[in-house]
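*Asks:* Here is what each chain is made of, one letter per residue.
Number of protein chains: 2
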Amino acid sequence: MANITIIGAGNMGAAIAAVAVAGGNTVQVLARDASKAAAANPSANAGAIGDPVTGDIVVLALPYGAALEVIAELGSQLDGKILVDISNPVDFSTFDSLVVPADGSAAREIAKRVPSAVVLKAFNTNFAATLHTGTVGDATTTVIVAGDDADAKAALIGAIAGSGISAIDGGSLGRARELEALGFLQLTLAAGEKTSWTSGFALAK
Amino acid sequence: MANITIIGAGNMGAAIAAVAVAGGNTVQVLARDASKAAAANPSANAGAIGDPVTGDIVVLALPYGAALEVIAELGSQLDGKILVDISNPVDFSTFDSLVVPADGSAAREIAKRVPSAVVLKAFNTNFAATLHTGTVGDATTTVIVAGDDADAKAALIGAIAGSGISAIDGGSLGRARELEALGFLQLTLAAGEKTSWTSGFALAK
Chain R
70 MANITIIGAG NMGAAIAAVA VAGGNTVQVL ARDASKAAAA NPSANAGAIG
120 DPVTGDIVVL ALPYGAALEV IAELGSQLDG KILVDISNPV DFSTFDSLVV
170 PADGSAAREI AKRVPSAVVL KAFNTNFAAT LHTGTVGDAT TTVIVAGDDA
220 DAKAALIGAI AGSGISAIDG GSLGRARELE ALGFLQLTLA AGEKTSWTSG
270 FALAK
Chain G
70 MANITIIGAG NMGAAIAAVA VAGGNTVQVL ARDASKAAAA NPSANAGAIG
120 DPVTGDIVVL ALPYGAALEV IAELGSQLDG KILVDISNPV DFSTFDSLVV
170 PADGSAAREI AKRVPSAVVL KAFNTNFAAT LHTGTVGDAT TTVIVAGDDA
220 DAKAALIGAI AGSGISAIDG GSLGRARELE ALGFLQLTLA AGEKTSWTSG
270 FALAK
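Chains R and G, in that order, give the protein sequences. Using this note's numbering, you'd call the opening residue of the first sequence number 70 and step up by one each time. Using this note's numbering, you'd call the opening residue of the second sequence number 70 and step up by one each time.
Hints are computed from structural coordinates only; laboratory data are not their basis. Bear in mind that the values here come from a model prediction, so they are computed numbers and not experimental data. A virtual CB, placed ideally from N, CA and C, is assigned to each residue, including glycine. Any given hint could turn out to be false.
[As the list claims (entries may be wrong)] Label-pair ranges, simulated between beta-carbon atoms:
1) R:Ala141 / G:Pro184: 27 to 35 Å
2) G:Glu142 / R:Asp172: 29 to 37 Å
3) R:Ser162 / G:Thr209: 29 to 37 Å
4) G:Asp160 / R:Asp102: 43 to 51 Å
5) R:Gly231 / G:Pro184: 29 to 37 Å
6) G:Asp160 / R:Ala260: 36 to 44 Å
7) G:Gln146 / R:Asp217: 43 to 51 Å
8) G:Ser166 / R:Ser162: 21 to 29 Å
9) R:Asp217 / G:Glu142: 22 to 30 Å
10) G:Asp102 / R:Gly93: 18 to 26 Å
11) G:Ser166 / R:Phe161: 34 to 42 Å
Build out the structure end to end from the sequences listed, making use of the hints.
*Replies:* Okay, structure coming up:
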């Protein structure tokens, strides 16, 4: 069990809050509008961005651009935190590439900006619906966690354990690049109706 | 039904030959050693690399480096062909990145070298075993086909239809970059025993 703060109360924030609550963790949801944070999950503590961050694990359940803004605002509040980037930094003007460097990732950009935190990539290959249902097609939903700190990865994977979905160590933070490619591909396939917004890629055992 | 030449008689060449034969196509397998080509599939025509290429669809069932060598050797024999790149151009010295440009792909590099052919990316996200069994976990194996020529994609997708596995249009040749990232990620996850060499990522409907 862990103390988890989720910043963002959109579809993904609410879905990750549900997973975190189901996993038996203490959960805080922060959003620009505290009433939206309160609506995300009745079992979570709610507040506004700017309120004290109570979690040891902080999930940025925000689009990439908003995540950059929020980490700048929170500053030293993120020192020592496990900071989880879930973004798919798609260039929505073209829907044909990402806005981060071709040899990098959103997670790497965030890690550069918050060197006092341990950054993990996770949840970006999971559509929100699959976090709620626990399944992708007939398979159990799997959260792939990438990062350079084994203890931090184990903490996040442990926090997800017991929620009914799977979580695995997907390798170093360098793999965030491939996870973001996978997330982007999955978005294009869903937009093209080759998969659905309630399914996507499942990782078989 | 199509005329398909598969160059390469390793695990992937044999698996793709099995799919192509099952789909009712006329299939030729070429390899350095014609006896290995003959062993790949008893229902396929066999020959050595350098023999006339009879297929309209030519699948390079070779590692990336070998594919580059073979296309240089075959030269004008590939004019007008639908050329299918299945490679995952992993830097095996590090197992941490690909050997192609970060903003490109093996498929794009091959397309540059054979401008007289129509290049498609396909099969690189499918482990050989899943082409034989037709399943990834409980899901039907799906071949994702990327390319810039809709007719060529339809020809390959049609050739796979009826084989018992699925094939979908995965977008432009630009998506080869994401497919290669997915293929690489899948290799790292299998090597790390987070998935198996007989499963991997399934695309749910």
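*Asks:* Each hint should be assessed against the structure and marked as holding or not.
*Replies:* For each hint, the structure was consulted:
Taken as a hint, the range 27 to 35 Å is violated for the pair R:Ala141 and G:Pro184, whose Cβ atoms sit roughly 46 Å apart. At roughly 32 Å, the beta-carbon separation of G:Glu142 and R:Asp172 lies within the given 29 to 37 Å, and the hint holds. With their beta carbons about 35 Å apart, R:Ser162 and G:Thr209 fall inside the hinted range of 29 to 37 Å. The supplied range of 43 to 51 Å is met by G:Asp160 and R:Asp102, whose beta-carbon atoms lie about 47 Å from each other.
For R:Gly231 and G:Pro184, the Cβ-Cβ distance of about 55 Å falls outside the hinted range of 29 to 37 Å, so the restraint is violated. For the pair G:Asp160 and R:Ala260, the supplied restraint of 36 to 44 Å is violated, since their beta-carbon distance comes to about 31 Å. For the pair G:Gln146 and R:Asp217, the supplied restraint of 43 to 51 Å holds, since their beta-carbon distance comes to about 47 Å. Distance hint for G:Ser166 and R:Ser162: a CB-CB separation of about 28 Å, consistent with the stated range 21 to 29 Å.
For the pair R:Asp217 and G:Glu142, the supplied restraint of 22 to 30 Å is violated, since their beta-carbon distance comes to about 43 Å. For the pair G:Asp102 and R:Gly93, the supplied restraint of 18 to 26 Å is violated, since their beta-carbon distance comes to about 59 Å. Evaluation of the 34 to 42 Å hint for G:Ser166 and R:Phe161 yields a failure: the beta carbon distance comes to about 27 Å.
When held up to the earlier numbered hints, the structure conflicts with 1, 5, 6, 9, 10 and 11 and fits the remainder.
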